[in-house]
Each structure stands twice: as C-alpha cells, then as structure tokens.
Amino acid sequence: MKFKTLLAAGLTASVLAAGAASAQEVKIGIAAEPYPPFASLDASGNWTGWEVEIIGAICAAAELNCVITPVAWDGIIPSLTGQQIDAIMASMSITEERMETIDFSDPYYNTPAVIVADKSMDIEPTPESLAGKIVGIQASTIHQSYANAYFGDAAEVRVYQTQDEANQDLVAGRIDATQADSIAMADFVGSDTGACCEIKGPVANDEAILGKGVGAGIRKGDDALRESLNAGIAAILADGTHAEITSRYFTTSIYSE
Amino acid sequence: MELILETLGLARSAELLALNPPGWGGNLLRGLANSLQIAFGAFGFGLVIGLFGASGKLYGGVVVRDLLAIYTTVIRAVPELVLILILYYVGTDLINQVSQAMGYGRVEISGVVAGIWVLGIVQGAYATEVLRGAIQAVPKGQIEAARAYGMPPTMIMRRVTIPAMMSFATPGLANLWLIATKDTALLAIVGFSELTLETRQAAASTRAYFTFFLAAGALYMMVTLFSGAIFARIEKWARRGQPSLRGTSK
Amino acid sequence: MGAPRPTLAAGDKQMIDWRSLLQPHRIVLMALFAGLVIWCAVSLRWDWIPEYTPLAIEGAWRTIWILVVTTVAGFLLAIPLGLAQAVGPWYLSAPAKTFCTIIRGTPLLLQIWLLYYGLGSLFPQIPWIRGSELWPYLRQAWPYAVLALTLSYAGYEGEVMRGAFSGVNKGQLEAANAFGMPRFTMFRRIWLPQAIRNVLPTLGGETILQLKATPLVATITVVEIYSVSSRVRSDTFIVYEPLILLAVFYMIIAGIITLMFRRFENQTVQR
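First to last, the sequence lines map onto chains A, B and C.
So that you can map any letter, position 189 of the first sequence is 189 in our numbering, and since no number is skipped, the others follow by simple counting.
So that you can map any letter, position 220 of the second sequence is 220 in our numbering, and since no number is skipped, the others follow by simple counting.
So that you can map any letter, position 217 of the third sequence is 217 in our numbering, and since no number is skipped, the others follow by simple counting.
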C-alpha cells in the first residue's frame, strides 16, 4: 500500500516536472545532416554555423530558452506537427505549399537559387540548356519542387537525401548539375572538393515555388511563439546583431526587405 | 607505429578516427553505444511481446489468436523502414494527443524510447513466432506431469516451459538480436544519432567516406562476432544435459 | 550464427478455408476492418492519387524488377558459395565463409552506401573509366543498388545453401558414383535439385525479406515505390496516406511471393 502511494507520488512528480520543463523549453529543429556554412557539426558534437548563431541570437533577444534538436530533414515537418519539435529553423523557405500545413515567422534571410555545374560544361540556368542533362537536388526542398516544375520534362531529376550527397555526385560526375541555395553553393565551389565546379547563375524566379525567403516554421495556431520569434528577428535586425554575425561568415548581406 | 601508418597511407585515417576531437572516433563509439542501447531495449521489449504473443497464439481464445495472426503477418510483410516511419510519427503524435486530452502537457519522448518502442514492436512479431515454435517443441508430457502435480500455470511457465524451451529458442533469438542491432541503422532515417547517422555526419563533415563507412562496418562486425560467441555459450548452457545434436546415433 | 533468419513459412502453411471465415468473431473482425477502410477512405486525403499514379506504377515496376533480378542473380551466386562452404577445400571455403559472415554481420544500408558513395566515387578518379562505354551505366544509381542487393541475398542464401548441400543423403551420391555418373551430372541431377527442394520453404521467407530490403535503395536516388511515397510526402506534406498505401502494396507483393512458393513446394514431388 505504502509502496503504491509512493509510486503514485513519484509518477505525479515526474509528470509535473516534465510538464514544467517543457513549458519553458522551445525545441528548435535543425536538419541532422550538416548544411555548411549554415549548420555544421564538429567532432565534439557541437553545432556551429551562421544559422546556429542566428538561432542563438533570436532566442536571446526573444528571451526564449531554446534547445537545438537535430531532426532528419526529410521528416522535419512531420516532427513539427507531431510535436517532437516546436520550431523549424533549418534554412526552410516560406512557400505557399508549406503554409497549408504549417505557419512561418518573418523571414530572417533570403538568397537566390542557383545552378552549379562542372567548369568545362557549357550550361545556362535555363530549362532549354539543361535538357537531356541529369540534375541532382535535395529531397523536400524548394529546389525539388522547382526542378520538377521547370526541368522535369526535359532533364532527369535525381533526388538526394542531403545536398552534400548531391555535391559529392556532382564532383564524381554522376550528375551534370545541381540546384541549391547560392550561399551554400558559394561555400561549396570555394572548397577543395568543389574546385571542379562553378556557379552558372541564378534560376528564373518563381515566388510561388521558391518562396519569400527563409523563416522559422511553427505549428499552425502557435501564435505566441510566432510573435516572440518575430520580435526576436526584428530585434537582431535592428540592433546590428544579424549584420555582425553575417559579416563573420559572408562578404555580402544575405537579408533584404 | 606512426611510421607504419604513414607508409600505408593510413595516417589521415588514423587521425580522423582518433577518439578525441578533432578525431571522430569518439562520435562513432557514442553512436555505437546508442545503437546497442536501443537494440538491447528493443530486443527485451520484443521478447516480452513475444512471450505474451506466443502464449496467446497457443492458449488464447479465437479472437486473440486471429488478432495475433494479423499482427505477425502485417509486421513481417511490411518493410521495417516503412513501419519505422509510420510508428515513429503516428506513435509520438498519438501519445501527445492523449496526454493533452488528459490535461497533462506535452510528453517528452526521447529518441531512445521512441526507437525502442518502434523496433520492439517489429521484433515482437518475429519473437512471437520463434517462441511459439520453441514452446511447441517442448514435450507435452513434461507440462502434463507438472499439471498433474498441481502446479499453477505461472509456475509451470517459469519452472518447466521456459527452461525447457530455451534450447529450442536460442538460435532464433540469436538471429533476432543480430537483426535488432542492424535495424537500429534504419533509425538514421528519422534522424536519431545512432552509429549509422554519426558515420554519415562524420563522413559528410570530413569527406572521408570510405574511412568512416569501413570503420562503422568494422564496429558492426565486432558486435556480430562478439554476440555470436556469447549466444554460442548461452546455447551450450541451455542444452546442458541434453544429448548432443551432432551425435552419431540416429 | 549458423541458423537462417526467421522466415514467414511457419504458421502460414494451411490453405485458406473459406468456411472458417464465417465464424461469428471473424465476421465481427471483418466488419471492424471494413469500417476502418471506410473511415480511411472518407476522412483521409486521397485527392493526390490521380496525379501520382503514373509515377507509382513506374516505381512499383522498378521495385519488382529489382526484386526479381537480385534474387535470381543472388541465388545463382549462393550455389557456389554454399557448395564451397559445404564440401570445398579450405582455400575456397574460407573466403566464402568470410564473405557470408561480413554480409550478414553489417547493416545493408551501410553496404549500399559503401558501394555507392564509397566505391562509386572512386571510379571517376580513374580517367579511362570516365571515357569508357561503361561510364553511362556507372553514372546511374541502379547498378550499385542491384549489386548491393545481389551480394546481400547471396550472402544470406550462401549460408542456407551450405546447410542444404550438407543435408543431402550421402548414400544417393555414392550410388550415383557407383553407376559411373560424371560428377557434374551428379550435381545437376541429384545434388542440386534435392538441396533446392529442402530449402524452398526457407527461400520463400528469404525472398520476402529481400522485398523488405528494396526500399533502402531509395537512399541512393533509385526511383522505386518507396521513393514515390517520399515524393508525395515532400510535394504535398501528406504523411500517413502514402505510407498506408505503401504498406498495403508490400503486403500484396509478400502475399503473392508466399503463394508462388507454395505452388513450387506443391509441384516438387514429396516422398
């Protein structure tokens, strides 16, 4: 009898503790697969990179107790709706299609989408030029939607779990071109492995698919969190923190109104 | 030592696999520990399901038997990858909805617990069949004798059925354990940091794909060989007193 | 270590007897199941199906194609592997045993990645390969997928065939020998057919396990039925519906495999 009471008390306490802890913690989901220079992992298990620092700055400004939680990119939206995380800050573009399922904060960066290919190849970032070629893209990205919509008829679109694998196959010559974010690609072609290739230029914009920049994804109806994230983003843009972090990673600004 | 590594061109690999940062060896070992923890939990959970499932299939009513038949057939026909995705997303979603409906906040489900429950359900289906076969292989007379002595059913289970079936169940269970260790690799798909995902992250960060994939393969291999040796001992122990299977008499 | 993986064969042996479906509790269960299906049909989203049907058919075809090619090729490889382990001299049996142990001891996912991202990324560094006629094939993902799955099936079945070859009655082989039958004829006419008949129930289960391994090749960009469901998920953010249909697809194929192997078993003469 005594044992049962103890057990019940213990259970209640642990449930309460769990409830109390989760009330304060905001779990920020990032992609578990490294995405340099926005998020990369070092050997001691620490996440670093531009976006990781921006997350820290936004959370500090919004006075949120954020915990970075790596989640598989391909399942990141189900993880959000399934309540394993509270917000997605993994370079996710704000698109109308995604807004049918989740809400977004204001954007905190925006960059064009570019086509990268081998230096010796004469490729333009147009559907005509890519006809008959193999284009590699990362699954569940705006680039997949774009490539399917614009290149899907003429070119072979090959889908990778991570951009890193697509890059690797580009170097290996197993794909002819890849479409991805300009900053990530600038970092890649500047590295030793990416020396083979160059940025061939931005693809024609289609805001319906490519979206209006990158924002934090949140569950529908989680307005309190969206408000505080928006306040945090506005604060770091106003006080220069955003520009300061950006200047340490990139030579140009990656935010425009 | 360093000279040998240098001449073999393995100096960079050794550096990458060093246990302390900037080497990634420590990460791989941490991933291995996570994998083993899940495999252990899932195997144990699967055994519990299997024990209930097997007794249900053998002694349960018609409805229980049909439900268990559906469970084992479905789980064994659908790829683990698909099951993991369904159980992982649906399971955590359901638990959260239930707990919110009951007025508690969100329940934190750690990756380990989710992994154990997903793989445990898969393991349970196979364990049910393995244990059912093993229980059926126990001579009926032994159980009838125990019953004749007036032993209660739980005691028969504990003192007669389980010890007697151990020798029949061990080879099948050894296989299940190996499947459990290898299936943890599939949790990489849902972003759980077990050995395969750690390997992938290390490979992506250093671009030394071959080094890390081979290292991870070697780690899995060690687990397999080591568990093989342990299960061989368990089987020998479970068979004690029984005539050797390789005996010449037929 | 030595025992085969658990298989589907046990417990599913009796043919379906339609009268047994008419017991009261089964009718209730079937009504519940029908209710579940209707609920799924009504309250879940299925409007995406027409758009993705052509892609799904292509993916299903690719899955079946990969399954058939890799099981046939893997089984052909497994025969020498099993034979080498059962009766071969040490310099044949040791490599065969090592191969089977390594394949069975490491996750298939890792083997696939090692072949595609590890080995596959070495080829382009060799200039003559890049210029050769093989290159258009080596650029594709499916040769690596087929190779990995074939080796995996061969590794598991090599172990099964080892047991099957050792299990054939030695007296028959000695009798054939006494009749002066050439060794290869003896192998073809007596040894192999008996070994295969002995392992048919195991092979059925193993083939279903091979079916369950096929979605892993989606991780190296092969477009098969699983990757189609991922595509639906990433295009429309519908998570559960494609997965449910996918599970149904795999259950149907597994059912067909079970029925096929049952027919094989019935056709082989039982003593």
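Please note that a few of the clues may not be correct.
[Stated by the list, open to error] So the derived list for chain B, only partly shown, Cβ under 7 Å to chain C, looks like this:
# : residue
1 : Tyr59
2 : Val62
3 : Ala77
4 : Leu81
5 : Ile86
6 : Ala185
7 : Ala208
8 : Tyr220
If you are wondering where the hints come from, they were derived from the structure by calculation, not from laboratory data.
From the three backbone atoms N, C-alpha and C, an ideal C-beta is built for every residue, glycine too.
Inset, instruction - List, from low to high, the hint numbers that the structure doesn't satisfy. - result: The structure conflicts with hints 1, 7, although it agrees with all the remaining ones.
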